[in-house]
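Starting from the given sequences, assemble the full structure and let the hints guide the process.
What follows is each chain in one-letter form.
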Amino acid sequence: MNTFWSMSTNAGRKRSDGEEQGGPGEQRSSPTHPPFGKKQLPSIPKNAVPITKAASPASSTESANGTHASYGPFYLEYSLLAEFTLVIKQRLPGIYVQPSYRSTLMWFGVIFIRHGLYQDGVFKFTVYIPDNFPDGDCPRVIFDTPVFHPLVDSVSGELDVRRAFTKWRRNHNHIWQVLMYARTIFYKINTMDPLNPEAVVLYDKDFQLFKSKVVDSVKLCNSHLFDQPKIDDPFAISFSPWNPAVHEEAKDKMFAYKRLHSDPLLTTPHNQRWPEDYNKGPLVSGLSWVKPGSTQPFSKEDIPLQT
Amino acid sequence: MSWLSRLNPRGPGTRTGRHAAPSSPCTADPETCLMVFENHWRQVSGVLKPRESSVGGYADDLTAVRNHTDQMLCLLAEESPAGGDIESPAMGPILEMVVAENILDELVQWHLRRGLDPDSQLELLKLFEMLIGQSHQPLLLHSAVLQPLLSLLGACVDPQLGCPAALESSLVLLLNQVCVCMAKETAVLELIFRCGPVQQGPTNLLIFSLLVPFIHRDGSLGQQARDALLLVMATSASSHAVARHIAENSYFCPVLATGLSGLYSSLPRKIEVRGDDWHTLRREDWMGVSSLVLFMNSLEFCNAVVQVAHPLVRCQLLDYLHNGFLVPVMGPALHKSSVDEMIASTAYLDLFLRSITETSLLKTFLRFILLHRHDNDTILDTLLTRISSNSRLCMVSLSLFKTLLSLNCEDLMLQLVLRYLLPCTHVMLSQRRAVRETDLYGKSADKFLSLIPECCRITAAPSSERDDEPAFWGKVLGSPTSESPVHPRPNTPSRLALFIRQQSSGGQANPPSSGSENAPSSPRGSISSPLSPDSPMHQLQDASEGETGYLEYLRDARKGIELCSWACRDWSAPYDGENPSPNSALPPPPPPMSNPSLSMVQEHFSIMDPAQQRAAVVAAARAEWSSSDRDSGEWDVTISKNCISLTPRSKKRSLLPSSIPLQSSSAPVSTEITGAVETVSQHSHSAPHPPLYNGMGQVELTDSVDERMEVKKVKRDSDVNNSVVESGMNGSMGMCPVDYNDFHVGSAMKSSQVQVMPHLQHQTSVPSSTHECLQSESQRLSPVPALTETSTVPHESRGLESVERLIEELLERAPSEPLSGDSKYQGISIEAFHQELRELEERVRERRVLSRSSEESSREFHTAPAPSLTDEDCLPVETEQRFSETKPDSSAPGVFSPARPLGQPLAQPYTGPFITVLFNKLESMMQNSLYVNILLTGVVFQLACYPQPLLRSFLLNANMVFQPSVKSLIQVLGSVKNRIEAFAAAHEDFPAMLRKARRFLVARGKLDWSDSPMGVPNLRRSDSLIKSRKPSLGDLILRHTNSPTRARHAAQLALAHVRDGGQSLHSALFRGGAASGASGLEKQAEALRVKNAVYCAVIFSEFLKELAALAQEHAVALPFPPSQGTEE
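Taken in sequence, the protein lines are chains A and B.
Residue 105 in the numbering used here sits at position 105 of the first sequence; the count goes up by one each step and never skips.
Residue 333 in the numbering used here sits at position 26 of the second sequence; the count goes up by one each step and never skips.
Read the hints as simulated data drawn from the structure, not as lab findings.
The beta carbon of each residue, even a glycine, is placed where N, CA and C say it ideally should be.
Where hints are given, some of them may not hold.
Computed cross-link-like contacts, BS3-like style, restricted to lysine-lysine with a CA-CA straight-line distance of at most 30 Å [claimed, not checked]:
| no. | chain 1 | residue 1 | chain 2 | residue 2 |
| --- | --- | --- | --- | --- |
| 1 | B | Lys433 | B | Lys356 |
| 2 | B | Lys670 | A | Lys291 |
| 3 | A | Lys167 | B | Lys433 |
| 4 | B | Lys750 | A | Lys300 |
| 5 | A | Lys89 | A | Lys230 |
| 6 | A | Lys89 | A | Lys253 |
| 7 | A | Lys188 | A | Lys253 |
| 8 | A | Lys188 | A | Lys167 |
| 9 | A | Lys89 | A | Lys167 |
| 10 | B | Lys750 | B | Lys670 |
| 11 | A | Lys251 | A | Lys211 |
| 12 | B | Lys750 | A | Lys89 |
Here chain B is said to cover these stretches of chain A; the calculated rule only asks that three of the stretch's residues, wherever they fall, bring their Cβ under 8 Å from a Cβ of chain B [claimed, not checked]:
| no. | segment |
| --- | --- |
| 13 | 84-97 |
| 14 | 290-297 |
If you only want the chain B side, here are some residues facing chain A, beta carbon under 7 Å, derived [to be verified]:
| no. | residue |
| --- | --- |
| 15 | Leu480 |
| 16 | Tyr558 |
| 17 | Leu574 |
| 18 | Leu714 |
| 19 | Cys716 |
| 20 | Glu717 |
| 21 | Pro730 |
| 22 | Asp877 |
| 23 | Pro881 |
| 24 | Glu885 |
| 25 | Gln1419 |
Dropping the structure here:
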């Protein structure tokens, strides 16, 4: 019963997202330009709830706690959604994430390193968020391919996040900070308490070898770029070689709009982001005659008559 | 407003459509046609030329000319252009000849010379209309056609008398055709304009000035004229000269604007409605009211003109609308002294605002509402205060504000709320930064949800209850099961559909089919959408209620926020506590020091002692009286056929008792009413009313705004000695103090008095029947015509909802008696009904008294006020301060107590009158009627959709720390929660009542959906809710008994009630709770109190879920980019 419900919820939401954005397929298949703005905000699947919570919605109301318990899943989901919204608002350079279709607690991401030792690296990673978020531990970040880096486990690919977030404090710590941290380590290398001792030794003793190992690692990662995502999920980030038929139009749109509006958050062509019910009936919008900087109604000058 | 789309097909469409039929004879070749034409012309000129000098002419001359002219013009109309390219086709041979010899002019001149008789004038108009409408060539481009046409038109119009009635339709049709041509050939406009001054005297755009008088006509004539004018407008939009001419030399704009004033003045002054949930004029409501249709047509036309006209014309029109309609007519109308008129004008304003689509027209209206001051108050302030009234006026006002909020207009929101929040003085200094914070972890949502009273958490109903509760709610209150003409469709908007979601709740096993109904998922009308087939709603039949409902609330909240933030994307500032800066903001206006509107009194009603209340009411009433005296800004607008005259209405005139009895000086009215009271008292069986009460009633009669209500009260009081006062029927103000002699237990009990009042809004059938009966008696007995008028008016609107119950009761009395043919309309006398009703009431009362021991009921009564006591305890400190501050001021008789204490320093944070009035209304949720609560929570929901951090944090952020004197929404809701819990604790059958209430609302929600425009029974539609003429009570009853089937239906229904226990309806609903005091009427009062409280509990819980969903959705909402002028 629950699974059925969850699945169909997904279908419903996916569909509506599709309408809103004008074709989700297009976005997913444009790997070099992962999502901007809310346009690409994938819906957080409802089945995060049954997966992560032991209590299914149906049984939770029966619980002794009364109605309250039944809203728990909503809080978690909305907390994560809010975190994701924050990520979007932060506009982290070179970092793109996307929550998974199957669980809100798993986000797929990719980092583009634009200069420094790891220049040209494209590292795919997955963020795992504890199910008692935001009251639990800090989220874990695991690179798909273990990057050669002092703070990345050479076997599991896990990034040492905890060193930066010894204790996860709600309201103060946010997932975007974790992502930011995951980016920073590639620019500023810290050798304290490494997860990868070999890297530290080389870094300290034989920097040239370290550098070449890094270059190899970057190459290795990039060679796996077009691999199928490690985790089979509709929202997993997958790359594909440039295909003009698929990508050209999206690219043009993106750049054309960028030229028009410098604000990168707002690069979504606005005519593609209407409120869901936009076409339902007349919608008066943008009514304002307040002069910017004024707090007086009707302070804006009338547009002079064309004579 | 599909003006343009309506016009478009008209252009080419008419032409092809028209020439299809008569084109058959003219398939002949052009040469032949020319020859025939020449032949005709020769003969005509033979007639025209030689007799030129002679006076008049012979009749057969005329006939001959007519016949030939007919033929000639037909030939001309059917002629095709002689080749040439499409851009500039060459003239056909006939046209060439017409132009060369100026044939048409000669014809017309001949007619003019010999004196046009109406007959041939008509003939000529028709001929020209045919010619222009059907011609294949652009005839009007040739002055040989245009000039005679203009001469003819000029002759049609007598400068003094206007156009003869017989010619009107032909004239307008011809003008319409000309305008259609003009729209196709823009050059025609220039031509007409240019040949103007020479020929046409004072107004040189003759076509235009001929049309103007028809602007406000009804029927197709007016429509054709408006279409034609609109074409001129659209055509002239690019021509500055023509636009200037229209603006400067024509009466178009003044006629249009002041015509609206005239039409407005003929609108019904009061809106008669059935159903206590009516609160807004829907299309089907006004379609049947011809005066309103006429007005709306003209308003639509204004909207269309604003849309297409040249900016010059547009500006002038808007100016005239503001100064010639809104200020002189709408302003005073909104400030009328009688509640009925206030209700009507508010509903009209709401309707107008909903109908306007053009931004600049909307701006004109908003500017009027926000900035225009009538008696020192802006219209907005006046409208605001009415939310706190305790009547239908409150509902209508709420619904107006809902409309206003849905405009998402920055200026409005600034004036209404934001300017009070801008200085950020309402938050603690340390908290200012938090204004922008979003609630990441659902803490606020959690807070809201935690306010759901424990007693409202749904538990599965014991199985025993499932079956033995028939759909009683439904039968009583209009669920689908009782779908009958007697029950009006719910008028309250689909917010009720919230409850459709609760279908699966309460442990009620639902048939699976009910879930797959195509129920709109959004409860709010305009943004509702059908539930998608894969919505979890459909799969989640037996899932927990909390989640199902909540998911939908989240969806609605997301939609609401998205729409709102999209619509606000072009606002000048984000209102996030920094921009505009709190320091730069002008200090908001202080709390009102005094307010002429009496409705604010309500606010203090619960805390003042009766004497003070009375004083306040009296003072407010005085204010109203004086303001109504100042009504003289009103204009008299008369629309005759060709002229619209505006005369300032003099004070003298408005005081003529015969014309406006309500505005006559108060003294005669009061004596008349006293007389009526006496008559009624004599008539009644027991009249030992307390003298104080009666005296008070009379005092108020002289001063009260709505003296009619008082009439009613006094009558009731004199009739029913156990002084429960029926004043709270929906239309009445319900705020007049009531001295329940046995309720008067001391100050601790005051609030209970107050509480009782609103409950009376829903009268049980029996007393209301009595009431109706008394009403009509007083009508009959009263010798004073003026009084009859005043007293019948209110009973109509207020009594309407009970009329239906009355009908049921009547039928219940005699369901077996076949309604024979002679017991039709005339056959039944109202007196007979009275007798029956009286007996009926007596019997029911006896039954009640027997059925319940008075001890028990009085005990129950005394426990009942407990919640209100606790409320007072938990009121915020500041409010209590307010009490103490206010008391000394308002104790002086005649001094009006303002909404806020007079001595309050300006520095005190004040969140503005809108928030204040909404919060006050929320605080009294327990006493509000179901429909008020539905509307009220809807308005708050809409307000909470706004994404501006200042507003969002104020309403929804539970973590914010406000200044101690600022009441937060959470606090307000908390006090309601306490009241509900105390109430539930005092009523052991609360869970059962709650389930019933819930079920009723679910059923009602379903009814709302199933009642799609198509599916509404015909009766209800044509039986328009508004009638300019008030049918008598008898009419109302007999309208139903008239139809045998309907009567039978109603009778069956009533029978069902009898079987269900034979108790009166509402008390039966709440069997357990319906006991208080010693008398049946008190029990009913208590029953109403219980009913409102239980409904409130349901609405309250749902509202909290809504707010929680909003809080959550705000946290995940992303802003929309400004449109940056790339649109439009």
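So, going through the hints one by one against the coordinates:
1. For a cut-off of 30 Å, the pair hint linking Lys433(B) to Lys356(B) stands: about 24 Å separates their Cα positions.
2. Among the hinted pairs, Lys670(B) with Lys291(A) is consistent with the structure: their alpha-carbon atoms are about 15 Å apart, no more than 30 Å.
3. A C-alpha spacing of about 92 Å is found between Lys167(A) and Lys433(B), which places the hinted pair above 30 Å, so the restraint is violated.
4. With a CA separation close to 39 Å, the supplied pair Lys750(B) and Lys300(A) exceeds the 30 Å bound.
5. As the CA atoms of Lys89(A) and Lys230(A) are separated by approximately 28 Å, the hinted pair is consistent with the 30 Å bound.
6. In summary, the hint linking Lys89(A) to Lys253(A) is supported, as the alpha carbons are separated by about 21 Å, within the 30 Å threshold.
7. Proposed proximity of Lys188(A) and Lys253(A) is contradicted: the alpha carbons are some 35 Å apart, above 30 Å.
8. Proposed proximity of Lys188(A) and Lys167(A) is supported: the alpha carbons are some 22 Å apart, at most 30 Å.
9. For the proposed pair Lys89(A) and Lys167(A), the alpha carbon gap of about 24 Å is at most 30 Å, so the pair holds.
10. Restraint check for Lys750(B) and Lys670(B): the C-alpha separation of about 39 Å exceeds 30 Å, so the hint is violated.
11. As the CA atoms of Lys251(A) and Lys211(A) are separated by approximately 34 Å, the hinted pair breaks the 30 Å bound.
12. Taking the CA atoms of Lys750(B) and Lys89(A), the gap is near 21 Å; set against the 30 Å cutoff, the hint holds.
13. Beta-carbon proximity to chain B at under 8 Å applies to 5 residues in the segment 84-97 of chain A; the threshold of 3 is reached and the given coverage holds.
14. A stretch counts as covered by a chain when three or more of its residues have a beta carbon under 8 Å from one of that chain; for the segment 290-297 of chain A and chain B the count is 8, and the coverage holds.
15. Violation of the interface hint for Leu480(B) is found here, the shortest Cβ-Cβ separation to chain A being roughly 32 Å, above the 7 Å cut-off.
16. Taking 7 Å as the C-beta cut-off, the interface hint given for Tyr558(B) is violated, the closest approach to chain A being about 21 Å.
17. Violation of the interface hint for Leu574(B) is found here, the shortest Cβ-Cβ separation to chain A being roughly 24 Å, above the 7 Å cut-off.
18. The beta carbon of Leu714(B) is positioned within 7 Å of a beta carbon in chain A (closest approach about 6 Å), and the interface hint is therefore held.
19. With 7 Å as the threshold, the beta carbon of Cys716(B) comes within range of chain A, its nearest partner Cβ sitting at about 4 Å, so the hint holds.
20. The closest approach between the C-beta of Glu717(B) and any C-beta of chain A is roughly 4 Å, which is under the 7 Å cut-off, so the hint is satisfied.
21. For the restraint placing Pro730(B) at the interface with chain A, the shortest Cβ-Cβ distance is roughly 10 Å, beyond the 7 Å limit, so the hint is violated.
22. Interface hint at Asp877(B): satisfied, since its Cβ lies 4 Å from the closest Cβ of chain A, which is below the 7 Å cut-off.
23. For Pro881(B), the suggested interface contact is broken, since its CB lies about 11 Å from the closest CB of chain A, more than 7 Å.
24. For Glu885(B), the suggested interface contact is broken, since its CB lies about 13 Å from the closest CB of chain A, more than 7 Å.
25. A least Cβ separation of about 4 Å between Gln1419(B) and chain A falls short of the 7 Å threshold, and the interface hint therefore holds.
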